[in-house]
Each structure stands twice: as C-alpha cells, then as structure tokens.
Amino acid sequence: GAVVSQHPSRVICKSGTSVKIECRSLDFQATTMFWYRQFPKQSLMLMATSNEGSKATYEQGVEKDKFLINHASLTLSTLTVTSAHPEDSSFYICSARDYGGAGGTYNEQFFGPGTRLTVL
Amino acid sequence: SQKIEQNSEALNIQEGKTATLTCNYTNYSPAYLQWYRQDPGRGPVFLLLIRENEKEKRKERLKVTFDTTLKQSLFHITASQPADSATYLCALLIYNQGGKLIFGQGTELSVKP
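Chains as they are written, first to last, in this note's numbering: chain A, 1 to 120; chain B, 121 to 233.
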C-alpha cells in the first residue's frame, strides 16, 4: 500500500527558532499534499493544501508567513514553522494524494505518522 | 461553512458486541464521506469511503451507511475486539474545493474484554 513518511517524528525547540518538517510519499507520486494540525483530544484541522510546483493554498486563519510550505517535487513537501512559540506546540500531520485521473475523481489520501512539536 | 459532528467523544462496549458510531453533517451535500481510525500519537488510517449515491458499504467486520436525507453516516464494527479500541474519525471530502477533507472531532472507542 501507499506509504507516507514524516521526519522528524518528534522535535523540541526553543521559542523563536524555526523548525522544518518533511513529508515524503515513498512509493507513489503525490501531486497534492495536505498539512494538518491536531491539538490533544481534538480533530485534525487542515492548515494548507499544496500542489507540486505551485504555491500552497492556506486555510482561513493560518498565517502563511509563519507556516511556510514547499512542495518542490512529486514526493516531498516541507512545512517550516518560523519563529516558533509555545502555542505552536502541536501534532502536525501530512497527507498525500496522487493524481485523480480523468473525470476529476479524487483518490484516497494517505496520512503520515505525524510529528510532535514541542516549543519551550 | 461545513460542519461535521460525531455524536459522542467516547464509547465503551463489551467485547463481541457491535459498536455503532454516528457522524452528522450540515450545510453541504458531500460527494464522499470517509471513516478513519487513529491510534494515539499516530496518523489516521483510511478504513472506508462511501459515496452520495451509495446507501451502504462493507469491509470485513466494518459497515458504513449513508443517509443524505438525514445528513448522517453510521459506522458499525461487528463482533468487536479489544484491538478495535482507537479513535474513529469521519471526514467529508469537499469535492468542489480541491477534494480537501474536513474531519469530525472523533469518537474514542474502548472495547473491554
């Protein structure tokens, strides 16, 4: 089955530093990748959608200058949390989807294992 | 805006019984509704997808129903086992917004031996 990896799985950083999280599709080409954030006991909240080779589309309320997303290849997307603060501490999860094909159907999204970010 | 709600935060049942989880949505007629399983500290794992024109979908011990009149989906696990204990999430696939998913808050299922 399709596998999506994330690195690192856990990261602890000091307030004010930047942290980069990688999301890779290991056995398929992901034309679209999604980034989610999940707080304890809460659901996944979509932060942004990125398509390979174009700028990411951010959801309302998500600061694009704070959460930089790059989707430079069909197998890699990165999320950089800039000038991190304690309130950015959360579980960040990416998902990847391959091309839907003719007819505009959408294939299944495959989720990564998540990255636990703790900002001190 | 689209809203999706799962009827309970937690559900406790005895092993061997059928677990039934509910997902309700408002303000939008989705193309697809999906169910995921999430274990603590892990990403969601896809279980089943059901389309607007489908009433029911089955996969082994899992069954999903979809009532577009009630705007509700039911997720059943028959002959439940302790290994089924996890959080179950329903999600709407928003067809005209690039196929993005909007998730419910999840129901934490605990199956006691």
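Be aware that a few hints might be false.
Below, simulated DMTMM-like cross-link-like pairs (lysine to aspartate or glutamate); rule was C-alpha separation at most 20 Å, straight line [stated by the list, open to error]:
hint: 1; chain 1: B; residue 1: K177; chain 2: A; residue 2: E108
hint: 2; chain 1: A; residue 1: K64; chain 2: A; residue 2: D27
hint: 3; chain 1: A; residue 1: K41; chain 2: B; residue 2: E135
hint: 4; chain 1: B; residue 1: K175; chain 2: B; residue 2: D187
hint: 5; chain 1: B; residue 1: K191; chain 2: B; residue 2: E176
hint: 6; chain 1: A; residue 1: K14; chain 2: A; residue 2: D65
hint: 7; chain 1: B; residue 1: K191; chain 2: B; residue 2: E180
hint: 8; chain 1: A; residue 1: K41; chain 2: B; residue 2: E176
hint: 9; chain 1: B; residue 1: K123; chain 2: A; residue 2: D65
hint: 10; chain 1: B; residue 1: K179; chain 2: A; residue 2: D65
hint: 11; chain 1: A; residue 1: K41; chain 2: B; residue 2: E174
hint: 12; chain 1: A; residue 1: K41; chain 2: B; residue 2: E125
hint: 13; chain 1: A; residue 1: K66; chain 2: A; residue 2: E108
hint: 14; chain 1: B; residue 1: K175; chain 2: B; residue 2: E135
hint: 15; chain 1: B; residue 1: K183; chain 2: A; residue 2: D65
hint: 16; chain 1: B; residue 1: K232; chain 2: B; residue 2: D187
hint: 17; chain 1: B; residue 1: K123; chain 2: B; residue 2: D204
hint: 18; chain 1: A; residue 1: K41; chain 2: B; residue 2: E172
hint: 19; chain 1: B; residue 1: K232; chain 2: B; residue 2: E135
Chain A is faced by these chain B residues, among others (derived, beta-carbon under 8 Å) [to be verified]:
hint: 20; residue: A130
hint: 21; residue: P160
hint: 22; residue: G161
hint: 23; residue: R162
hint: 24; residue: F166
hint: 25; residue: L167
hint: 26; residue: R171
hint: 27; residue: T198
hint: 28; residue: A203
hint: 29; residue: A206
hint: 30; residue: L221
hint: 31; residue: F223
hint: 32; residue: G226
The hints are simulated quantities; they were obtained by calculation from the structure and are not laboratory data.
Glycine included, each C-beta is placed from N, C-alpha and C at the ideal position.
Query raised in the report: Which earlier hints can't be squared with this structure?
Result: Violated: hints 2, 3, 7, 8, 9, 10, 11, 13, 14, 15, 16, 17, 18, 20, 21, 25, 26, 27, 28 and 29.
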